[in-house]
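S.K.: Sequence:
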Amino acid sequence: MFISGGLTHASFGGIGLGLYTGVSPILAAGVFAVLSAFGVEWLSKRNDMREDSAIAVFWTLGMALGIMFTFLSPGFAPDLSAYLFGNILTITFGDIALLAGLAVILAIFFILYLRPIIYVAFDREFARSQGIPVQIFEYVLMMFIALTIVACLRMVGIVLVISLLTIPQMTANLFTHRFHRIIWLSIGIGYLSCLGGLMISYYLNVPSGAAIIFFSIIIYVVCKLGKSFYLSLRQKTQNP
Numbered sequence: 090m091f092i093s094g095g096l097t098h099a100s101f102g103g104i105g106l107g108l109y110t111g112v113s114p115i116l117a118a119g120v121f122a123v124l125s126a127f128g129v130e131w132l133s134k135r136n137d138m139r140e141d142s143a144i145a146v147f148w149t150l151g152m153a154l155g156i157m158f159t160f161l162s163p164g165f166a167p168d169l170s171a172y173l174f175g176n177i178l179t180i181t182f183g184d185i186a187l188l189a190g191l192a193v194i195l196a197i198f199f200i201l202y203l204r205p206i207i208y209v210a211f212d213r214e215f216a217r218s219q220g221i222p223v224q225i226f227e228y229v230l231m232m233f234i235a236l237t238i239v240a241c242l243r244m245v246g247i248v249l250v251i252s253l254l255t256i257p258q259m260t261a262n263l264f265t266h267r268f269h270r271i272i273w274l275s276i277g278i279g280y281l282s283c284l285g286g287l288m289i290s291y292y293l294n295v296p297s298g299a300a301i302i303f304f305s306i307i308i309y310v311v312c313k314l315g316k317s318f319y320l321s322l323r324q325k326t327q328n329p
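Count the sequence shown with the working numbering and you get residues 90 to 329, in order.
I should point out that these hints are in silico values taken from the structure, not numbers from a laboratory. Treat the hints loosely; a few may be bogus.
As the list claims (entries may be wrong) - Pair by pair, the computed Cβ-Cβ distance ranges are:
#	residue 1	residue 2	range
1	Phe127	Ile194	14 to 20 Å
2	Cys312	Ile200	25 to 31 Å
3	Leu188	Phe127	19 to 25 Å
4	Leu116	Trp273	27 to 33 Å
5	Gly315	Val120	17 to 23 Å
6	Thr149	Leu116	21 to 27 Å
7	Val112	Phe318	51 to 57 Å
8	Tyr319	Gly164	55 to 61 Å
9	Gln224	Ala145	33 to 39 Å
10	His269	Leu293	34 to 40 Å
11	Arg323	Ile180	27 to 33 Å
12	Glu214	Gly190	32 to 38 Å
13	Leu287	Gly183	17 to 23 Å
Please read all numbers here as calculations on a predicted model, not as lab measurements. Backbone N, C-alpha and C fix where the C-beta goes; we use that ideal spot for every residue, glycine too.
Just need the whole structure built from these sequences, with the hints factored in.
M.R.: Take a look at the structure:
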């Protein structure tokens, strides 16, 4: 979760750089986020720096550069609300194609390498003993995290994208602890959150990003309360 938040805010540096140079802010954010992800991975492997410290370095660096380049951008001051809070109306066909392409690549990658990914995520030493190139997988996974964050910026914005990446997983984790089931449940919950959030956004005329996150939190709370009630009821039934 912390790495998602760090890369999300680090990508703001790429947005500011894109606005300053005239390059696509999303493209610049993607490059900046991937480089930041690699930087975090490299620094965290050094003996003199912990991972949370490395994340904090790129988190603050990205925000600082983003603010500086935004103010230095020529012409009128750019509107950053779409990047900070998200707006479904700003999504272009290119953004949809980017999301679709990234989704296909991620699906293929996980189908081919699901078991090595699980080994690397939960037990690196065991993964090394199985001959898995742990370092390569770590860098590739960091790259995919960065690209996923950037692909979601226009939909929910920098401020809220971390919630879109964590709340569906938290909700799925209420019902199962098996990794592959969490993946599929998270996808379904995330899809439902987007649909419900867009409906709220349409009828209440509120920003789509905030509405999507709000609806996803409602789903989590309902599932959490429902599970607690079910467990309490089952316990009373078993122990009258």
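S.K.: Would you mind marking each hint as holding or not holding in the structure?
M.R.: Hints versus structure:
1. With their beta carbons about 18 Å apart, Phe127 and Ile194 fall inside the hinted range of 14 to 20 Å.
2. The supplied range of 25 to 31 Å is met by Cys312 and Ile200, whose beta-carbon atoms lie about 27 Å from each other.
3. Between Leu188 and Phe127, the C-beta spacing of about 22 Å keeps the proposed range 19 to 25 Å intact.
4. For the pair Leu116 and Trp273, the supplied restraint of 27 to 33 Å holds, since their beta-carbon distance comes to about 31 Å.
5. Here the CB-CB span from Gly315 to Val120 is close to 43 Å, at odds with the stated 17 to 23 Å.
6. Between Thr149 and Leu116, the C-beta spacing of about 23 Å keeps the proposed range 21 to 27 Å intact.
7. A beta carbon spacing of about 52 Å between Val112 and Phe318 agrees with the range 51 to 57 Å that was offered as a hint.
8. For the pair Tyr319 and Gly164, the beta carbons lie near 58 Å from each other, so the given range of 55 to 61 Å is met.
9. Distance hint check for Gln224 and Ala145: the Cβ-Cβ separation is about 22 Å, which falls outside the suggested range of 33 to 39 Å.
10. For His269 and Leu293, the hinted distance range of 34 to 40 Å is satisfied, since their beta carbons lie about 36 Å from each other.
11. Against the hinted window of 27 to 33 Å, the Cβ-Cβ separation of Arg323 and Ile180 comes to about 44 Å, which falls outside the hint.
12. In this structure the hint that Glu214 and Gly190 lie 32 to 38 Å apart at CB holds, the actual value being about 35 Å.
13. At roughly 20 Å, the beta carbons of Leu287 and Gly183 sit within the given window of 17 to 23 Å.
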